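S.K.: The chain contents come next:
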Amino acid sequence: MSSISGAKVKKLVVACEAGMGSSVMIAKQLAKQLKAHGVEVSHSPVNQLDDADPDVVLCHRGLGQRAKQAMPDTPVVVFDMFLGDPRIQGVVDAILNGDTISDD
Amino acid sequence: MTNFLQLAGIRLGAAASSREEAVRLCGELLHSLGAVESGYIDAMWERENIMSSYMGEGVSLPHGTDSSRQYVNFAQLVFVRFSEPVDWDGEEVKLCIGIAAKGDEHGELLGNLAEKLLEPSSYQALMESASTAELLELINL
Numbered sequence: 183m184s185s186i187s188g189a190k191v192k193k194l195v196v197a198c199e200a201g202m203g204s205s206v207m208i209a210k211q212l213a214k215q216l217k218a219h220g221v222e223v224s225h226s227p228v229n230q231l232d233d234a235d236p237d238v239v240l241c242h243r244g245l246g247q248r249a250k251q252a253m254p255d256t257p258v259v260v261f262d263m264f265l266g267d268p269r270i271q272g273v274v275d276a277i278l279n280g281d282t283i284s285d286d
Numbered sequence: 053m054t055n056f057l058q059l060a061g062i063r064l065g066a067a068a069s070s071r072e073e074a075v076r077l078c079g080e081l082l083h084s085l086g087a088v089e090s091g092y093i094d095a096m097w098e099r100e101n102i103m104s105s106y107m108g109e110g111v112s113l114p115h116g117t118d119s120s121r122q123y124v125n126f127a128q129l130v131f132v133r134f135s136e137p138v139d140w141d142g143e144e145v146k147l148c149i150g151i152a153a154k155g156d157e158h159g160e161l162l163g164n165l166a167e168k169l170l171e172p173s174s175y176q177a178l179m180e181s182a183s184t185a186e187l188l189e190l191i192n193l
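As given, the protein sequences belong to chains A and B, one line each in that order. So for the first sequence, the numbering used here puts the first residue at 183; every next one is plus one. So for the second sequence, the numbering used here puts the first residue at 53; every next one is plus one.
The set of hints was computed from the structure by calculation and includes no laboratory data. All of these numbers come straight from a predicted model, not from anything done at the bench. Be aware that one or more of the hints could be misleading.
What the hints assert, rightly or not - Think about it this way: if two alpha-carbon atoms lie no more than 30 angstroms apart in a straight line, the pair counts; the simulated DSSO-like pairs of lysine-lysine are:
#	chain 1	residue 1	chain 2	residue 2
1	A	Lys-214	A	Lys-250
2	A	Lys-193	A	Lys-214
3	A	Lys-190	A	Lys-250
4	A	Lys-193	A	Lys-250
5	B	Lys-154	A	Lys-217
6	A	Lys-192	A	Lys-217
7	A	Lys-214	A	Lys-192
8	B	Lys-168	A	Lys-217
9	A	Lys-214	B	Lys-154
10	B	Lys-168	A	Lys-192
11	A	Lys-192	B	Lys-146
12	A	Lys-192	B	Lys-154
13	B	Lys-154	B	Lys-168
14	B	Lys-154	A	Lys-193
15	A	Lys-193	B	Lys-146
16	A	Lys-190	A	Lys-214
17	B	Lys-146	B	Lys-168
18	A	Lys-190	B	Lys-146
19	A	Lys-217	A	Lys-250
20	A	Lys-190	A	Lys-217
21	A	Lys-192	A	Lys-250
22	B	Lys-146	A	Lys-250
23	A	Lys-193	A	Lys-217
Just need the whole structure built from these sequences, with the hints factored in.
M.R.: This is the structure we're talking about:
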């Protein structure tokens, strides 16, 4: 299990398959919410996560295992729904409030 | 902002008897607009099989694979709304936003679209408005 304080997150990366649809949508939406807090949000194909050097990875459950394999020491938070998933909001709130973010 | 959606890219009252038919319908519309070469349509179905493009709230976002960007002539979205829900691997889809993009140029619009889908009044307009002009304005806003 990996964890990080939300206060230390400077780079949040949404992992994806092709990087054209859903992950772009989530990344841009979160970028808007977190810009004022100096957090960079981007998206990256799951097999290039290492290059993206994230503090936290967000990805759909379907990619969770591959993302964790690629980034064993980084918290990987998985969600089930692209739209309105409480886990996505949970990561945003943790960053804003400085709460701990961990994968479990 | 560049208009990534055009009136000719909006289809209301569409019909598809399967997820594949719905994805191909989006692909063919993108092709008819000149946004993609025909090879992109197969790539959209290929991508769909790797991972569902279902987003939640009755909406899916079909698009090609990373390597199929070579078939994209210009970034474009199509808006295809179905009269009857399409079975999407157990989920019900009423709206497909088909996507073609070379890079991240359409990203801001997609981010804004997520907000509109999560906001009840704009969600209702997207799912029910019969005015293509209204939908065009709402999405390109």
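S.K.: Work down the list of hints and note, for each, if the structure agrees.
M.R.: Status of the hints after comparison with the structure:
About 26 angstroms separates the Cα atoms of Lys-214 of chain A and Lys-250 of chain A, which keeps this hinted pair within 30 angstroms; it holds. Proximity of Lys-193 of chain A to Lys-214 of chain A is assessed by CA-CA distance (about 14 angstroms); at most 30 angstroms being required, the pair is judged to hold. With a C-alpha separation of about 20 angstroms, the suggested pairing of Lys-190 of chain A with Lys-250 of chain A holds against the 30 angstroms cut-off. This hinted pair checks out: Lys-193 of chain A and Lys-250 of chain A have alpha carbons roughly 17 angstroms apart, not beyond 30 angstroms.
The suggested pairing of Lys-154 of chain B with Lys-217 of chain A holds, with an alpha-carbon distance near 25 angstroms, which does not exceed 30 angstroms. With a CA separation close to 10 angstroms, the supplied pair Lys-192 of chain A and Lys-217 of chain A stays within the 30 angstroms bound. Distance hint between Lys-214 of chain A and Lys-192 of chain A is fulfilled; the C-alpha atoms sit about 14 angstroms from each other, no more than 30 angstroms. Between Lys-168 of chain B and Lys-217 of chain A the alpha-carbon distance is near 19 angstroms, which keeps this suggested pair within the 30 angstroms criterion.
Taking the CA atoms of Lys-214 of chain A and Lys-154 of chain B, the gap is near 22 angstroms; set against the 30 angstroms cutoff, the hint holds. Between Lys-168 of chain B and Lys-192 of chain A the alpha-carbon distance is near 27 angstroms, which keeps this suggested pair within the 30 angstroms criterion. Straight-line distance between C-alpha atoms of Lys-192 of chain A and Lys-146 of chain B comes to about 37 angstroms, which puts the hinted pair past the 30 angstroms bound. For the hint pairing Lys-192 of chain A with Lys-154 of chain B, the CA-to-CA distance comes to about 27 angstroms; that is within 30 angstroms, so the pair holds.
Under the criterion of a C-alpha separation no larger than 30 angstroms, the hint pairing Lys-154 of chain B with Lys-168 of chain B is consistent with the structure, at around 24 angstroms. At roughly 24 angstroms between alpha-carbon atoms, Lys-154 of chain B and Lys-193 of chain A fall within 30 angstroms of each other, so this suggested pair holds. Annotation: proposed proximity of Lys-193 of chain A to Lys-146 of chain B is violated, straight-line Cα distance about 35 angstroms (limit 30 angstroms). The suggested pairing of Lys-190 of chain A with Lys-214 of chain A holds, with an alpha-carbon distance near 18 angstroms, which does not exceed 30 angstroms.
The straight-line distance between the Cα atoms of Lys-146 of chain B and Lys-168 of chain B is roughly 16 angstroms, inside the 30 angstroms bound, and the hint therefore holds. Of the pairs offered as hints, the one joining Lys-190 of chain A and Lys-146 of chain B is violated, with about 40 angstroms between alpha carbons and a cut-off of 30 angstroms exceeded. Simply put, Lys-217 of chain A and Lys-250 of chain A have alpha-carbon atoms about 26 angstroms apart, close enough for the 30 angstroms limit, and the pair holds. For the given pair, Lys-190 of chain A sits about 15 angstroms from Lys-217 of chain A by alpha-carbon distance, which is consistent with the 30 angstroms threshold.
Note on Lys-192 of chain A and Lys-250 of chain A: the hinted pairing holds, with a Cα-Cα distance of about 19 angstroms set against a maximum of 30 angstroms. For the hint pairing Lys-146 of chain B with Lys-250 of chain A, the CA-to-CA distance comes to about 33 angstroms; that exceeds 30 angstroms, so the pair is violated. Distance restraint check for Lys-193 of chain A and Lys-217 of chain A: the Cα-Cα separation of roughly 11 angstroms lies within the 30 angstroms cut-off, and the hinted pair is therefore satisfied.
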